Structure formats: structure tokens, C-alpha cells
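Asks: The lines below spell out each chain.
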Amino acid sequence: MLTLYRPGTSWFYRAPAGPKAFALLLVVLGVSLLPSTYSCAALAGGVTVLAYLVSGVGLVELGRQVVGVRWIIVITLAFQVLFVPMEPAIANTARVTAAIVIAALLVLTTRVADLLDALERGLRPFIRFGLDPARIALVLAVAITTVPVLTRLAVGVREAQRARGVRAGLVSFVIPFLVVSLKHADELGDALTARGVN
Amino acid sequence: MTAPIILNNVSVRLGESLALDDVSLRLDQQRIAVIGSNGSGKSTFARLLGGLVPPTTGSLSVHGVDPVTQSKELRRLVGVVFSNPDAQIIMPTVAEDAAFSLRGEKLPKAESAERVRIALEEFGLTDLADRAAHDLSGGQKQLLALCGAVIRRPQLMIADEPTAYLDARNSRLIANHLLAPNDRRLVLVTHDLTLAERCDVAVLFENGRLTGVGDPAEIAARYEASLQC
Numbered sequence: 001m002l003t004l005y006r007p008g009t010s011w012f013y014r015a016p017a018g019p020k021a022f023a024l025l026l027v028v029l030g031v032s033l034l035p036s037t038y039s040c041a042a043l044a045g046g047v048t049v050l051a052y053l054v055s056g057v058g059l060v061e062l063g064r065q066v067v068g069v070r071w072i073i074v075i076t077l078a079f080q081v082l083f084v085p086m087e088p089a090i091a092n093t094a095r096v097t098a099a100i101v102i103a104a105l106l107v108l109t110t111r112v113a114d115l116l117d118a119l120e121r122g123l124r125p126f127i128r129f130g131l132d133p134a135r136i137a138l139v140l141a142v143a144i145t146t147v148p149v150l151t152r153l154a155v156g157v158r159e160a161q162r163a164r165g166v167r168a169g170l171v172s173f174v175i176p177f178l179v180v181s182l183k184h185a186d187e188l189g190d191a192l193t194a195r196g197v198n
Numbered sequence: 001m002t003a004p005i006i007l008n009n010v011s012v013r014l015g016e017s018l019a020l021d022d023v024s025l026r027l028d029q030q031r032i033a034v035i036g037s038n039g040s041g042k043s044t045f046a047r048l049l050g051g052l053v054p055p056t057t058g059s060l061s062v063h064g065v066d067p068v069t070q071s072k073e074l075r076r077l078v079g080v081v082f083s084n085p086d087a088q089i090i091m092p093t094v095a096e097d098a099a100f101s102l103r104g105e106k107l108p109k110a111e112s113a114e115r116v117r118i119a120l121e122e123f124g125l126t127d128l129a130d131r132a133a134h135d136l137s138g139g140q141k142q143l144l145a146l147c148g149a150v151i152r153r154p155q156l157m158i159a160d161e162p163t164a165y166l167d168a169r170n171s172r173l174i175a176n177h178l179l180a181p182n183d184r185r186l187v188l189v190t191h192d193l194t195l196a197e198r199c200d201v202a203v204l205f206e207n208g209r210l211t212g213v214g215d216p217a218e219i220a221a222r223y224e225a226s227l228q229c
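Residue numbers (the UniProt record's numbering), protein chains in the order written: chain L, 1 to 198; chain X, 1 to 229.
It should be emphasised that the hints constitute simulated quantities derived from the structure, not laboratory data. One or more of the hints may lead you astray.
[Said to hold, decoys possible] Pair by pair, the computed Cβ-Cβ distance ranges are:
1. X/Asp127 x L/Gly68: 32 to 42 Å
2. L/Val67 x X/Asn182: 41 to 51 Å
3. X/Arg117 x L/Arg162: 36 to 46 Å
4. X/Asn38 x L/Ser172: 20 to 30 Å
5. L/Leu170 x X/Ser226: 45 to 55 Å
[To be verified] Selected chain X positions facing chain L (Cβ under 7 Å, derived; list incomplete):
6. Leu52
7. Glu73
8. Arg75
9. Gln88
10. Pro92
11. Glu96
12. Ser101
13. Gly104
[Stated by the list, open to error] Coverage of chain L stretches by chain X, computed from C-beta distances (three or more under 8 Å per stretch; other residues unrestricted):
14. 4–18
15. 107–117
16. 140–147
17. 176–190
Just so you know, these numbers come straight off a predicted model, no measurement behind them. Heads up, the beta-carbon is just placed ideally off N, CA and C, and yes, glycines get one too.
Input sequences plus hints: build the corresponding full structure.
Replies: Take a look at the structure:
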């Protein structure tokens with residue numbers, strides 16, 4: 001499930017997207033650079049709880065976000081345990097989880113349109129180097145919305161194959177999936193043009 | 001007076017096939033139905049008017065604008081709704097997707113928000129404003145697509161089989177929105193002859209050729225007669 005904007009009215013929601021993104025980036029960086037000790041793992045957890053409380057998003061949403069990344073937690077911890085002692089393994093997993101969940105605050109409290117506007121503004125100095133900020137923002141928006149569509153297309157391809165008795169296999173799946181994905185890309189291109197995107 | 005839709009000897013070649021073959025017509029009615037079998041050229045006709053495909057030969061004018069040389073002007077005049085609701089969602093949430101259509105207009109934030117509010121209300125999407133657009137039902141997604149087109153206040157709405165993916169209830173809902181009395185011109189590509197008969201004029205295509213223009217009931221009857229095996 002992708003993190004999506006949750007309506008709210010706290011000061012953090014009203015804060016402009018650019019400075020908010022910068023502030024969260026600093027917090028995420030701070031958490032990421034903590035030493036790999038139990039006390040720092042606890043500190044990362046504390047900062048995360050504090051961030052959700054101060055922002056007004058609340059601990060229920062924090063719980064939802066942690067559940068949402070449960071497989072990342074499991075996989076990160078499993079690999080860490082294989083290669084490093086228990087203390088750094090747990091601390092690293094805690095830092096990664098805290099970084100992801102704190103970063104999610106940005107999307108939870110900011111409409112994508114405002115994020116894109118902030119991104120466009122932030123990238124404006126790079127126009128002189130040939131960068132097109134509006135296009136980059138649009139690509140990001142389309143990428144965010146295309147994930148659930150591709151998932152649905154993949155399920156559709158698999159179901160159609162199962163209905164015809166086709167055995168699961170990488171090649172037999174990838175080719176029809178590519179075909180329907182390209183068709184979707186074509187249709188999406190038309191929709192973008194129709195809505196005024198050149 | 002010049003007709004709003006004029007085609008002069010227009011042909012469209014897509015790859016090896018001739019999708020439209022030497023079509024000439026003038027249309028000034030408000031609600032125009034486009035009917036014909038699969039592959040007859042009706043979607044190409046709609047895409048041509050919407051500036052999504054250029055003519056290979058011939059010329060056309062849509063509300064006084066040449067879609068080939070004046071594509072920016074055309075975008076301001078025309079809204080397009082396609083059959084597949086999933087392929088028309090650009091932004092993650094319902095309100096953001098509706099607002100996306102206004103990004104090019106550089107409106108003040110308050111005005112943009114007000115237009116989004118009004119449009120969502122018109123299409124019964126207000127309560128879904130913050131929902132993930134891709135979690136909506138097919139009918140709701142198509143309403144959102146229509147909302148995204150109407151919010152730009154186009155003079156011409158092109159709907160290419162907008163009810164093709166929908167159940168009877170949602171088809172009726174979408175059709176009622178499209179055919180509701182308003183100032184917009186409508187070009188409705190459809191296989192549903194009852195919808196075609198609610199329009200002011202019908203255009204019939206067969207194998208890329210224009211084979212009839214006139215009273216929707218007569219044209220629909222002629223089309224049905226041609227289907228008898």
C-alpha cells in the first residue's frame with residue numbers, strides 16, 4: 001500500500017512543502033547517522049514517536065506506517081543478523097525503519113500537488129542546465145499513480161493465463177505483461193495530452 | 001457562418017491501414033453521435049478532432065482551430081474522455097487528479113480549489129476527495145475522468161466509448177452527465193444506439209469511410225440493417 005495524504009489541520013499540515021521536506025530530510029539524516037547501539041535504536045524510536053506526536057499525525061497512523069513496512073523490517077533484520085552481531089543488527093533495522101516512517105510524514109501531511117509545486121520551485125535553478133522541472137515533477141506523479149495500475153495489470157495477466165491453463169513462468173508472464181503495460185502507457189500518454197500536457 | 005467541425009478530404013493512415021478514407025463533412029449540431037463497427041474509424045475520427053492523431057492528407061478545423069498547427073489553442077477548447085478509466089488517472093487522490101487539469105492554467109490557488117470543489121460536487125465525488133483515485137470503482141473513476149475534463153470548461157467534449165467498461169447503472173450515470181443540457185458541444189463515440197439516438201445528429205463510419213450523416217434514429221436504423229447476417 002502506498003503512503004497517501006491523510007487530511008489534517010495541524011500546523012505541520014499547513015507548513016509549506018519545501019521547508020517541511022528540508023526539515024524532515026535533516027531529521028532523517030540525523031537518525032541515519034546515529035551509532036549502531038541499543039541506546040541509539042531507542043533514540044531513533046523516540047524521535048519517530050515525537051515526530052508523529054508533534055506533527056499532529058498521531059500514534060495510530062505511526063502504527064499503520066510501521067505495519068506497512070513490516071516486510072522491510074523483517075528482511076532488513078534477517079540479513080543483518082546473518083552478517084553482524086545482534087546489537088548493530090537491531091540498531092540498523094531501527095534506524096532504517098525510523099528513516100522510512102519519518103520520511104512518510106511528508107507524503108502523509110502534504111498533497112502531491114503541493115509537493116510537485118515545491119519540487120518544481122526547488123529545481124528551477126537547474127533550468128539553465130536544460131532540466132525541465134515541470135516534466136520531472138510530472139514523471140514522479142505518474143510514477144506514483146502507475147504502481148497500483150501495474151499491480152492490477154500483472155494480476156490480470158496471471159489470471160488470464162491461469163484461466164487458459166498456462167503454467168507460471170517468468171517469460172510467459174513478462175511478455176504479455178509488457179504488452180499490456182505498453183498499451184497502458186500509450187493510453188496514459190493520450191490522457192496526458194488531452195489534459196493539456198505537451 | 002462557419003461550422004464548428006469541418007473536415008475536407010481527410011485521410012488518416014495508421015501504419016499500413018487506412019483508418020479514415022477521404023472524409024469530408026461539416027457539423028454544427030450540439031450533440032453528435034459517432035457510430036460504426038469495431039475498426040470502422042470512429043475512434044480515429046474522435047482522436048483526430050482531439051488533436052491526438054494528425055491527418056495524413058486533407059485539412060480540418062475544430063471550432064475555428066487547426067488541430068495540427070494550433071495544438072495549444074485546441075487543448076484549451078477540447079476535453080477528451082476515453083473508455084478505459086484506469087488510463088486516465090494521473091494523480092494519486094481524487095481531488096488532486098481533478099486539480100491536475102488546471103495546472104496549465106496557472107490559476108490562483110483559491111480559484112483552483114474552488115473550481116475543484118464545484119466540479120467534485122457536480123459529479124458527486126466530494127466525499128471521495130481524499131481517497132486514492134485507483135481505489136475507486138470503475139464508474140467512479142469514469143466520473144473522475146469526466147470531472148477532470150469538464151473542470152477545464154471545454155467548448156467541445158469528445159467522449160470515446162465512455163461507457164464501454166461500465167455496468168448499466170454507471171453507464172446511465174455517465175451518459176446523463178454527458179448529455180445533460182449545457183453549452184458544450186459533444187462528440188460521443190458509442191456502440192450504444194440508444195445513446196446515439198439521444199443526440200442531435202449521428203455520423204456513421206464503415207471501413208474508414210463516412211457512410212451516413214443525419215437523423216440519429218435513421219442512421220442507427222441503417223446501421224442496424226447493415227448488421228443483419
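Asks: Taking the hints in turn, state whether each one holds.
Replies: So, going through the hints one by one against the coordinates:
| no. | hint | verdict |
| --- | --- | --- |
| 1 | X/Asp127 x L/Gly68: 32 to 42 Å | violated (24 Å) |
| 2 | L/Val67 x X/Asn182: 41 to 51 Å | holds (47 Å) |
| 3 | X/Arg117 x L/Arg162: 36 to 46 Å | holds (44 Å) |
| 4 | X/Asn38 x L/Ser172: 20 to 30 Å | holds (28 Å) |
| 5 | L/Leu170 x X/Ser226: 45 to 55 Å | holds (47 Å) |
| 6 | Leu52 | holds (5 Å) |
| 7 | Glu73 | violated (11 Å) |
| 8 | Arg75 | holds (5 Å) |
| 9 | Gln88 | holds (4 Å) |
| 10 | Pro92 | holds (5 Å) |
| 11 | Glu96 | holds (5 Å) |
| 12 | Ser101 | holds (5 Å) |
| 13 | Gly104 | holds (4 Å) |
| 14 | 4–18 | holds (count 4) |
| 15 | 107–117 | holds (count 3) |
| 16 | 140–147 | holds (count 4) |
| 17 | 176–190 | holds (count 4) |
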